[in-house]
Each structure stands twice: as C-alpha cells, then as structure tokens.
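J.: Residue numbers (my numbering), protein chains in the order written: chain F, 435 to 709; chain C, 271 to 563.
I should point out that these hints are in silico values taken from the structure, not numbers from a laboratory. Being a predicted model, the structure only gives us computed values, none of them experimental. Check each hint, because a few of them may be wrong.
[Stated by the list, open to error] FRET-style restraints, in silico, Cβ to Cβ: (1) C/Leu331 - F/Val445: 24 to 34 Å; (2) C/Phe311 - F/Ala442: 53 to 63 Å; (3) F/Pro476 - C/Ala358: 31 to 41 Å; (4) F/Val685 - C/Ala284: 32 to 42 Å; (5) C/Gln312 - F/Pro476: 27 to 37 Å.
[Stated by the list, open to error] Dumping the calculated DSSO-like pairs for lysine-lysine here, alpha-carbon to alpha-carbon at most 30 Å: (6) F/Lys625 - F/Lys599; (7) F/Lys538 - C/Lys370; (8) F/Lys625 - C/Lys370.
The beta carbon of each residue, even a glycine, is placed where N, CA and C say it ideally should be.
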Amino acid sequence: MKRRPSAAFWVMVVLLTLLVVLPLLWMVITSIKSVGEAQADPPTLVPQDPSGRAFGEVLTTGGQNPVLRWALNSFAAATLHAALVVVVASMAGYALARMQFRFKNFIFSFILLTLFIPGFVFLMPNYLLMDNLGWLDTLWALVVPGAAGAFGVFFMRQFFLAIPKELEEVALIDGANAWTVFTRIILPNAKPALATLTVLSFLANWNDFVWPLFVLFSPERLTLPAGLSLLQGAYTTDYPVIMAGATVAAVPVLILYVFVQRYVIEGVARSGIKG
Amino acid sequence: MRAHGRATPYLFLAPYLLLFLLFVIGPAVFGLWMSLHDWDFQLPGKPFVGLQNYKDLFDPLSATAEPFWHGMRATGIFTVASVPFLVAVPLGLAVLLNRKFPGRTFFRAVYFAPYVLGVAVIGLMFRYILDTTFGILNAFLGVFGISEIGWTTEQPWAFVALVAVTVWWTAGFNAIIYLAGLQDIPGEQYEAAELDGANAWQQFRHVTLPGLRPVTVFIVVITLLASANMFGQALLITQGGPGDTTTTALMVITDTGFSQFRMGQAAAMSYLLAICLAIVALVTFRLMKERES
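Using the sequences plus the hints, can you model the full thing?
T.: Shown next, in the form of structure tokens:
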C-alpha cells in the first residue's frame, strides 16, 4: 500500500479521466457544428465550420425553447427547496439529537424507515395531492413535497450528536432558551453540515427528472431536465441544438461543483458510513 | 436537569412532521387506498374494487398484466446486469483512489463529476454518442474493423448500452462511499497481514473485503433501489425500445397512471413493484449477513 504509484497506475488514472472527459467534450464540440456535420459519417473531430447557431437557438428563441427560462426555473426551485430542507431538517434533527421526550425513538425510527420506501410509490398519490392543492404546474410542486424526505433529518441528527454537550450547557446555565441555544450555538457550529446538506439538496432538486416531467405542463414553467427531454422531441435530428441544450444544462452545475465538490463528496461519503 | 419545556421538542419537530405527514405518510396510505379502487381521475365515481387491481396483474387476460410484467422483466434484467458492475467498478476505483499520489483529490472529484450532471444531460449526450449510423462510438470501433452495432436499436446491445451508461454516470457515487469505508479500516490490520507475509492480493482478499462488508451491504441496497427506479436512461437513450424490451416497470407505471389515467391500477403496480423490491433487498441483505458469520 505504501509503494510509489507505478507507470501502469498512472496510465489507468489518465485513461479513466479521458473516459469521463471525452463524452462531455464531444457534447460541446457537437454543439458548435452544423446539422449536416453533426451527422457526418465518419464524424469530424474538429468542427469544420464552427458556429454558435445552436446556442442562439436554445438561448434566444423566446417562445419555443426557453432554455434560459428553464434554467431560471430550475435555479429558483432548487434554491428554495434547499433552503426549506435545511430549515426543517436542522430543527427536527436538533430535537431528535439533543432533547428528551416521549415517542422520540418511535418518531425517529418511523422517519428513518421511510428512507427505504422507493420514490415511485409516492408518484400517483402526490400528483393527486398537488392537483387538490392547486400546485400542479407551479413552483410549489417542485419545492415542497421533496423536502419531507428523511435524509436531511437523519443527516443533521448525526452531525448534532457529535457536537460536545458542554457547548450548550454553558448557555443553558446562563438562562438561554432552546431556540437561542439552537440559533446562537448549535447552528454556527454546524456550518459544514448545513453547507453540505444545502448543496446535496440543491443538486438533487436540480437534477430531478421524473417528478417535474409529470407535474409541469406549460413550456415556460418546465425545469431544465424536463425541458431537455422536450427539446429532444422537438429537434429529433438537430443534434447541435440538443447538445447545446445539454451543454447549457451541464455547465452551471459543473462550475458549481468545482466550488462545492468538497461538500458533495463529504456528504455522500458520510451518508454511507455512519449508520 | 430538564433543559427545555415539555412542548419544546414537538415545536422543533412540527415543521418537518407537518411536511412528513402531508407528503410522505398521507400519500403512502392514500396510494394504498387508490390501489383498491377503480381510480380514473377523469371519471366522477371511483368504485371500490378490493384487490381486483392486484389480481388483474396476475391475470394474463387482463389489459394491465402483460405490459406490467414486460416492464418488470426489463427492470429485472437491468438490475441483474447492472448491480454487479455498480458494486465492482466503484470498489476498484476506490482502491485506486485510496493510494497516496499527487492529484488524488482532483481525480476523485473528476470521477464523481458525471453524477452531478443528472440523467437528462447524460441521456441526451449518450443518445447521440451511441447512435448507430453517426455516433462516435461506432465510428471509433470502425477503426478496429468492428461493424456498426445498434446500441439503441438491437438487443442485447440496448441493455449493454444502458448498463454501461449507468456505470459511467454513477460509479463515482458508489466509489466515494467505498472510499470512506476504506478509511475506516485500521492500518494495523494491513501491517499485521504484511507481517504474516500476505501479498497485495491476499491483503485485499482478507483485510479489505471483510472490512468493507457493511459498506457493501449498504451500497448493494441503495443500488437495487436506484435500479428499480430506472426511468430516465431508458426514456432518453433507447426510448423503451427496441420493441418494448427496455420499457421499464416505472415507465409502464407512469404510462398507465398519467397517459391512460388509470391511477388505481398504476398505484397497485407501484406497490407490487415495491414489495418485489423489498423482498429482493431483504434476501440480499440476509445472504450477505450470513456470509459474514
């Protein structure tokens, strides 16, 4: 285990990196080709006549493919969703980690159990619920129902359990109430966990595919993933436009990922080990 | 010392529990109720039909049985074919990334990156790359004299493609969980094994694998759950084809519920799929636990 990496090791690492990067690069290359060149056999590796036409098509067309609008919808939904998750999950996680009350274990076990119910079970009933609430084809359908998931509560509870008890005891002796302790002492000490949960919730919502596909109808209200599938239907043979759409969807989240990857990776790792 | 009032914990829990009851518990129960009714939301009456929706799924003459079991078959094939790769490839990646080398954090981030793109982006991207006539993959294989393969239009290639794309997309996710698991294995265990003269393979076999067993159980279960939810890849890449061979159970459920408006039947399908999934997960869990003892 302590040996220096060999040449074979580096070949492997580089090959895997190419395997990840090349498909993405191909998507971007295609997006600046002409329709004809995108379907050339054999394909050209370097665009012969690069143009921003496809990007013009997906970024400026007002009515038909409001990709920018979709991106904005996705951003708004994911941001509000992440904020809601962080607020309700940290409050509930705090109570479950630090307070004594009847039914505590029952409530926590019950919440945890639902982590294992597959999402498709909720698809039909939650759709009808959205219909009854008048939330179909609105932002609320994207923001609220997903915030009831068990993961955030579980995640925050695990983190709060690890914060030393002495921290809050000092404040309690000073006569602070539970809310003050929570907002002044616990939350400031939980910044890494809050950041991680925010990022994970944002990404999950941004990338959600099945749910928005069925609860949204109006072209101008779609999210990016749902809109992209529509784009594929509308431009069956115009691959530069489809690839431009995919690029527009990929770039913001990749840029975000560069800045927050520490939290994403930490969050995913922690969700798996500390059961 | 009681640091808080009697009602305080419930007040802290209230916002979450409200959402939880409204959007998790309520719908789970309501879905069950729907599955016992002839629930067409376009019709005024929703007559109680008992277990008829479930019985129909086992009656070859009913309209719902055939598409449902076709979907279950597609989901089953995909699951059986993909889970081994989604466990083994990430394990290999994790062992690779667990070694100390310059740029380790960077490569870790790179291998995880496809996952953050989401299924919509990767679906469109690979639909194009895998195209039979002008896709780059067939062009590349052509260089080696391999004739055109119908990745999205022929079996078994369509399943091969869906599994490969899913591995490309999610291997980094499982690898990160494995990596965290690797860090929990005490270094002394390796030192002890080395003193006993164990080579790299023997160390992997007798220290790494047993040490990772709990993590592996977790990964297998979450991967099974994800496979049962398979939808986006098949919708965007193979469009459920060729024929309806890659039309997964979830695609059949959404089609029955949202396109044909037969939500009672769709709810019954969801619950039956969930039950099958629970059985598979439990059996897997038991098998892997037994090996441990």
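J.: Each of the hints needs a verdict: does it hold here or not?
T.: Evaluation of the provided hints:
1. In this structure the hint that leucine 331 of chain C and valine 445 of chain F lie 24 to 34 Å apart at CB is violated, the actual value being about 58 Å.
2. Between phenylalanine 311 of chain C and alanine 442 of chain F the beta carbons are some 60 Å apart, a value that agrees with the proposed interval 53 to 63 Å.
3. Proline 476 of chain F and alanine 358 of chain C have their C-beta atoms about 34 Å apart, which keeps the hinted 31 to 41 Å range intact.
4. Look at valine 685 of chain F against alanine 284 of chain C: about 40 Å separates their beta carbons, and that is inside 32 to 42 Å.
5. In this structure the hint that glutamine 312 of chain C and proline 476 of chain F lie 27 to 37 Å apart at CB is violated, the actual value being about 51 Å.
6. Only pairs whose Cα atoms come within 30 Å are accepted, and lysine 625 of chain F paired with lysine 599 of chain F is accepted, the gap being roughly 17 Å.
7. Of the supplied pair hints, the one linking lysine 538 of chain F and lysine 370 of chain C is violated, its CA atoms being roughly 43 Å apart against a limit of 30 Å.
8. For the hint linking lysine 625 of chain F to lysine 370 of chain C, the alpha-carbon distance of about 29 Å falls within 30 Å, and the restraint holds.
Checked against the numbered hints given earlier, this structure breaks hints 1, 5 and 7; the rest are met.
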